[in-house]
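Note that the protein sequences, when read in sequence, are chains V and F. The first sequence lines up with residues 1 to 474 when you count with full-length UniProt numbering. The second sequence lines up with residues 1 to 474 when you count with full-length UniProt numbering.
No wet-lab data here; the hints were simulated from the structure. Built from N, CA and C at the ideal position, the CB exists for glycine as well. Among these hints, one or two may not hold up.
Stated by the list, open to error - Computed spacing ranges between beta-carbons, pair by pair:
| # | chain 1 | residue 1 | chain 2 | residue 2 | range |
| --- | --- | --- | --- | --- | --- |
| 1 | V | K359 | F | E306 | 29 to 37 Å |
| 2 | V | G292 | F | E108 | 38 to 46 Å |
| 3 | F | P441 | V | Q50 | 27 to 35 Å |
| 4 | F | R372 | V | S367 | 30 to 38 Å |
| 5 | V | G292 | F | S201 | 54 to 62 Å |
Unchecked claim - With the C-beta cut set under 7 Å, the calculated list includes, among others, these residues of chain F facing chain V:
| # | residue |
| --- | --- |
| 6 | K187 |
| 7 | H219 |
| 8 | W241 |
| 9 | H245 |
| 10 | A253 |
| 11 | A254 |
| 12 | M293 |
| 13 | D297 |
| 14 | L308 |
| 15 | I316 |
| 16 | Y323 |
| 17 | A355 |
| 18 | V357 |
| 19 | V358 |
| 20 | R363 |
| 21 | P366 |
Protein chains: 2
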Amino acid sequence: MHHADEAGARSRDSEQRRALDAVFDYVDRNAQDFVSCLMAYASHPSISAQNIGIDEVAHLLKERFLAMGMTAEILPTKGNPVVLAQWNRQAGAPTVLLYGHYDVQPPEPLEAWTTPPFEPTIRDGRIFARGIGDNKGQHFAQILAIESHLKVHGKLPCNVIFMLDGEEEVGSPNLPSFVLEHRERLKADLVVTADGSVHPSGTPIVQFGVRGLLNFELHVHGAKRDVHSGNYGGVVPNPAWTLVHLLATMKNAAGEITIDGVYDRVDPPSARELEAIAALPVNVAGLCEELGMTQLDQPQERGYFERLMFHPTLTINGLHSGYGGPGMKTIIPDSAFVKCDMRLVESQTPDEVFALVVKHVARHAPSVEVVRLNSMEPSKTSIESPYTQNIVTAIERAQGKRPLLYPVVGGSLPDYVFTKTLGLPAFLIPYANSDQANHAPNENLSIDCFLKGIKTGAALLACLFDRDVVGSST
Amino acid sequence: MHHADEAGARSRDSEQRRALDAVFDYVDRNAQDFVSCLMAYASHPSISAQNIGIDEVAHLLKERFLAMGMTAEILPTKGNPVVLAQWNRQAGAPTVLLYGHYDVQPPEPLEAWTTPPFEPTIRDGRIFARGIGDNKGQHFAQILAIESHLKVHGKLPCNVIFMLDGEEEVGSPNLPSFVLEHRERLKADLVVTADGSVHPSGTPIVQFGVRGLLNFELHVHGAKRDVHSGNYGGVVPNPAWTLVHLLATMKNAAGEITIDGVYDRVDPPSARELEAIAALPVNVAGLCEELGMTQLDQPQERGYFERLMFHPTLTINGLHSGYGGPGMKTIIPDSAFVKCDMRLVESQTPDEVFALVVKHVARHAPSVEVVRLNSMEPSKTSIESPYTQNIVTAIERAQGKRPLLYPVVGGSLPDYVFTKTLGLPAFLIPYANSDQANHAPNENLSIDCFLKGIKTGAALLACLFDRDVVGSST
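I would like the entire structure built from these sequences, with the hints used as guidance.
Below is the structure:
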């Protein structure tokens, strides 16, 4: 970089910092009002599983976006509508697509709540309410970040599309078709989702990928009915044994999945990914103690994060055959079944892996029935994305802390609709405290996390597309 | 054999036939009265599982034995008493120990009975009542056989001990200790039990052995609680997989038990046993159709009766871990367990085999807990016993049909108390029709089977110790 360029960059950088500090000041001045607004928002139930309050909350959101000066629409799906808001008055500027969900989990069991789930209450610096952490408090922080920018500067540093899902808590069944149908309107440069929790230490995190998912069942049918294990033992085939022997061909005791071809599309971690996970804190001894285990799963030599990020799994979720009550019942059961899930890593697809499962079962136990259940593609954005440094910088400016970078997390989310369907880099940047108790009674969001979330949202708008930050990311 | 001996034998034989025919005539003349007596006996409930009517029926039996001129006692056990009757006035003659049980199964579900279970009713040549086949009608036939002999001849051809168990339907928990305690009083030359069913074709059968039984459970403990299969998949060990891999080391897909040493004490069938089972009818295609199977269990080349008689089994009775409801639940279960039974063949003992199981589990999966449940020794009397021909002759004389000889049956009964504890040859000679519906509603005994039972009982008393029959058995 030439000296003149450097001087220009420094000048632009300090100008941007001043502009962002003005937004931070605005957030600090309005903190109390923002908390009140969030509590008002969270007082409206929007329970997708119980079909309660969905339309009302979608309209509240639309009104808020319109009042902020954004365009906003309630777009139908086969299920609950998507709220889509937009601000695109920065001609020629890049666009960030923000994703969140306005539906919440059912609040039951109600008697376990200290205060009612839809009467948001502050205790010990936290707001308690259903959906406050997952996800109302997090996308509302992003909304307030936009609002603060507009109030302070009259415009945004980039264009914004805000997409709020009304069915995330029931598995976003209509999100893939919605994104496909509206892909022209959703054209953007990257996707940012504020969901999940920061590290238990309070350190912010950025997640770049998720594992995919494939659920299936194997059903083995034996005799028409349970038969006497003495009168028929050795004569009538036992479906439980058939299932045991089939399963033993699918994964070995050393922890390797032994379905032919399943590792063909599993890539080793990159040098940059290994470097990132080496920096991640983990307390294996503490986890073992918490869960009452003496050691991790096989193979023993595999690193903690390698297990979760770069290896597919084949998990038995449930295995059932015959008698399970007290004492003995001397039968040969009439049937056996197993419920499995596989977590898939980038490059694997549920369709391809399911085909391998079907082929494997056909070769080893052709009479066994294979039933496919839910599935989800894996998703991964390169940790070497040019946006990575901008995101790190934005978080540092908002929170004064360098975030931990997770190349992948072990669970599954439909991020593939962004990375694979829309072809965009996608980043998950959680704002909530790690003990938010989402999906559980007494769900809560710390006010500190909420305000940091607003500032982080504001800093992301300011920094995401800052070429000077991009220039310094190498 | 010399000519003079032959002539003597022929003469003794025709004398014995005449004496037996006189008993048969008596049975025919008193058939209607015998049926009435049986119906009166079966009208008294004696349900061990529900502790109903046990003492009353024990006293009825004692009174009957005393009225016949036998000694009779009600001997206590830790549970229900044993009724022990004796006739030993044939000085120097051998003794047969007859075994049966006076307790019956619970009658429930009552609404499934056409007529009440304790109001014996005749329909279509059958008596319907709880316990009529299992076992009241069968041991009562033996009692009437003794009574008929005594009425016609004033004495019995041999000495008799009659032992009636009051807890067979709850597993005869006190029979082993009772037999051990009273072994001096139970001194006999052989044991005959009338229980079970004749062949569906109506052909009588003699059973020489039963398989033993060993029940155990394996418990695998994982994390303290179910954990998320995404967040922990690859990290937390899965007890269901541990159990699958352990079980796969215990029996292979070819049908062989692979616990070290388990076949060490398994003897191949003798030539005489193979000859006997070659004569036994079996309809494998019919069984497969009835049970909805395409083929028998592995290995395919093993003969039907070899499977049931000469091979131990390792049967999964129940296998359970994790979620079993509809849809999916993406967890790593916190535990897994299996309930197994092993059927043991002669020379194997539950203690030795259980020790092999424990050793195997300790070697392959030391963290897995092994829990022993019930067990029972196998029992086998040689089909080449000198009594075999006498029994065949007795049955032929009573029923005009040659019985089928079963060296072993697949199920388990406590016959070992006779063969191993008392060291006696023991024979199971069922009298009931094969569709007796024992343990089920509408239990029944055909009057024809009952009367044949009385005559068979009488013929056994006459023939069992007949040296001329013994002489012709080679």
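Hint by hint, here is what the structure shows:
no.: 1; hint: V/K359 with F/E306: 29 to 37 Å; result: holds, 36 Å
no.: 2; hint: V/G292 with F/E108: 38 to 46 Å; result: holds, 43 Å
no.: 3; hint: F/P441 with V/Q50: 27 to 35 Å; result: violated, 46 Å
no.: 4; hint: F/R372 with V/S367: 30 to 38 Å; result: holds, 34 Å
no.: 5; hint: V/G292 with F/S201: 54 to 62 Å; result: holds, 59 Å
no.: 6; hint: K187; result: violated, 30 Å
no.: 7; hint: H219; result: violated, 12 Å
no.: 8; hint: W241; result: holds, 6 Å
no.: 9; hint: H245; result: holds, 4 Å
no.: 10; hint: A253; result: holds, 4 Å
no.: 11; hint: A254; result: violated, 10 Å
no.: 12; hint: M293; result: holds, 6 Å
no.: 13; hint: D297; result: holds, 4 Å
no.: 14; hint: L308; result: holds, 6 Å
no.: 15; hint: I316; result: holds, 4 Å
no.: 16; hint: Y323; result: holds, 4 Å
no.: 17; hint: A355; result: violated, 19 Å
no.: 18; hint: V357; result: violated, 15 Å
no.: 19; hint: V358; result: violated, 18 Å
no.: 20; hint: R363; result: violated, 13 Å
no.: 21; hint: P366; result: violated, 11 Å
Hint check: violations occur at hints 3, 6, 7, 11, 17, 18, 19, 20 and 21; the rest are consistent with the structure.
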